[in-house]
Amino acid sequence: GGKDRRSGLILTIPLCLEQTSMDELSVTLDYLLSIPSDKCKARGFTVIVDGRKSQWNVVKTVVLMLQNVVPAEVSLVCVVKPDEFWDKKVTHFCFWKEKDRLGFEVILVSANKLTRYIEPCQLTEDFGGTLTYDHMDWLNKRLVFEKFTKESTSLLDELALINNGSDKGTQQERERSIDLNFLPSVDPETVLQTGHELLSELQQRRFNGSDGGVSWSPMDDELLAQPQVMKLLDSLREQYTRYQEVCRQRSKRTQLEEIQQKVMQVVNWLEGPGSEQLRTQWGIGDSIRASQALQQKHEEIESQHSEWFAVYVELNQQIAALLNAGDEEDLVELKALQQQLSDVCYRQASQLEFRQNLLQAALEFHSVAQDLSQQLDGLLGMLCVDVAPADGASIQQTLKLLEEKLKSVDLGLQGLREKGQSLLDQISNQASWAYGKDVTIENKENVDHIQGVMEDMQLRKQRCEDMVDVRRLKMLQMVQLFKCEEDAAQAVEWLSELLDALLKTHIRLGDDAQETKVLLEKHRKFVDVAQSTYDYGRQLLQATVVLCQSLRCTSRSSGDTLPRLNRVWKQFTVTSEERVHRLETAVAFHSSAEKILQECPEQPEAFNEMEQFDEIEAVGKSLLDRLTVPVVYPDGSEQYFGSPSDMASAAEHIREKMKLVSLKKQQLRQPEATTPES
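To convert, note that position 420 of the sequence shown is 420 in full-length UniProt numbering; the numbers rise steadily by one, no gaps.
Errors might be hidden in some of the hints.
[Stated by the list, open to error] Think about it this way: if two alpha-carbon atoms lie no more than 27 Å apart in a straight line, the pair counts; the simulated DSSO-like pairs of lysine-lysine are:
id, residue 1, residue 2
1, Lys141, Lys60
2, Lys400, Lys474
3, Lys517, Lys474
4, Lys41, Lys60
5, Lys595, Lys621
Calculated from the structure, these hints are not laboratory results.
I would like the entire structure built from these sequences, with the hints used as guidance.
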C-alpha cells in the first residue's frame, strides 16, 4: 500500500529461513501485480526484497525472477541486507554484472538506511516506517473482494442469460429459456449485501486513517478497485431489477396457469361427473320414504358439489385480486376465465337448487297424499261401522262429525290438487337443458304417477261421498224416527194428562140447565182436543213404522207406544162418555126442575099430572146414583171423578134442587086437599 517518491507502488517480498518455493512466489507475484490498475503499473514499482532472514542465493534468485515476473514495471529493487553482511565482493560483483541485463537498479541497503530511498510514512514498522498495515486484515478484505468479484461476475452472467432469454421473440422460446436458467447459482440479495458491506468498508477506510490521522490504507481504491465494486453493484442492481421483473412476470404467468388449471378442473368436474350425477337423479319417488331417500342422495351430491363450489369461491377471489392489480394484457384472459367459471358454477347451482325444490315439492305432495289417504281410511272406517245411536242427539253429533270429516277430506283433496299442480308445473319446466339430455320419458313417468295419485284420491273421495250421502239419509231418517217416537210418546203423555184433567177437574155438573149446557159444550171441545192428540200420535206411529221398514230395523219404543196410546185413548173415551152422560142427565134434570119451579100457582091445571114430579125425582136419584159409581175401564180398572168431597158437593146441590121440587109438589097438593072439604 506504500508508494515511492515517484508515486510508484512499493512491493515488499519478505524472505524467511525456510526453503522458498519459487513457483509459489511467482504465482503470488503474478496475483499481486494483477491487482493495480494499468495507470498505477505505468508509474513503475519499487520492490523491497527483505533478505535479512534468508540466504544470498535465494535473494539473488528472487531478484533475477523479477525480470520475468515484472519485466518493465520495476524501476528499483532494494535488497535489505542482514546485519551479518554477505561477502561484499561477491554481492556487488553479481548485481553490477547483471545490471544491464536486468533493466532495473538493484541496491543493497540495511533496514535503517532504507529511508534514503523511500519516505518513512510509506514504510511499515518492519523497515522503521510509520505506515499502518495489517496483513491478515488486508488478506481477509481481499478474500471478500475476490469472492464478491467472482460471485457478482458469475451472477451477472447468469442474470444476463436469464433476462436476455426472457426477451426472446416467441412465448414458447421465452418459457423454455426461463425454465432452463431460472434460478441463479447464488442468492442475488446475499451478493448485493456483501458488495454494499465491502463498499462501505472501502469508503470508511479510505477517509478514516489510523489514530485519527490521514494515511494510505492497504485497501486503497487503486489496489481493490473501489470503482470496480461500485460498477459491479450498479450492474448487479440493474440486472437484479430486471431479474425480479422476470420473476414477477413468471410468477404471474405461473399463477395464471395454476388458476387456469384449477378453473378447468372445476369446470371439467361440474360438466362431467357432477352433471352425470344429476342426470341419473330424475325420479321424485312414489312415497314419503322414497322422496326422503332421494333427498338424502341429493344432499350427498350437494355435499360433493360444495367442495368444488368452495374452490370456485377461492378462485373467484384470486381472479378478482389479479384483475385489480393485473396488467392490461391479462385482463381479457382473466375475465374470460372468470366468466367461464361463473357460468358453469351458476348453471350447476341452479340445477341443484331446481332438483332440491322439485324433491321438496314431491315430498310435500306425498305427505299431503298420505294424510288424505289416512283421512279417507278413517272416514271409510266410520262409514263401514253400523250406526247404533242411543238417541237423536247422538245421531246429530255423529252426523256433525261425519260432515266435518267430509269437509276435511275436501280440503285435503284441494290441497293435494294444489301441490300436485305445483309439482307438475315444476316438472314441465324441467327442460332438456337442465340435465343436458331429453327427460321427456322420465318426466312422463313422474307426471303419470302424480296424476294417478290425484285420480285415485278423487275416486276414493267420490266413493266416500256416495257412502256419506247414503249414511246421511239413513241418519236423518233415524233422527226423524227418534223424533216421531219421541213425539208419539209425548202425545201419549198429553193424552194421559187430558185424561187426568178430565177425571180431576171436570167434575162440576152446573147449577142450572144453562150452565150445564155450557159445560157440555166445553167438554165436547175438550174431547176434540183429545181426539186431535190421539190422531197425531197415531200418525207419528204410522210414520215410525214406515221409517223402520225403510231402515230395516225394529224401533225400540214404538212397540209399546201404540198399545199405550190405544189404552189411554180407550180410557179417555170411556171417561168422556161417562162425563157426557152425566152432563146430559144433569141438563134434563135441571131443565125439568126449573120448568116446574117456574110454573105459576094460578095455573094448577098444569100440574094435573103428578108424574112429572116423579120423573124429576127419578132423574135426580139416577144422577145421584151415577155420581157414586166409578168409571170402569175395559181392562177392569176403576177411576172416580174428582175427590169424594167434590162429588159430595155436586150431589148436595142436586139434593137441594130435589128438595125444592119436592116442596113445590107439596104446595101443589095442599090446594087439592082443601077443595073437597070446601
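We went through each hint and held it up to the structure:
1. With a C-alpha separation of about 32 Å, the suggested pair Lys141 and Lys60 falls outside the 27 Å cut-off, and the hint is violated.
2. For the given pair, Lys400 sits about 14 Å from Lys474 by alpha-carbon distance, which is consistent with the 27 Å threshold.
3. Proposed proximity of Lys517 and Lys474 is contradicted: the alpha carbons are some 53 Å apart, above 27 Å.
4. A threshold of 27 Å between alpha carbons decides the hint, and for Lys41 with Lys60 the separation of about 24 Å falls inside it, so the pair holds.
5. Of the pairs offered as hints, the one joining Lys595 and Lys621 holds, with about 18 Å between alpha carbons and a cut-off of 27 Å not exceeded.
The structure shown violates the earlier hints numbered 1 and 3.
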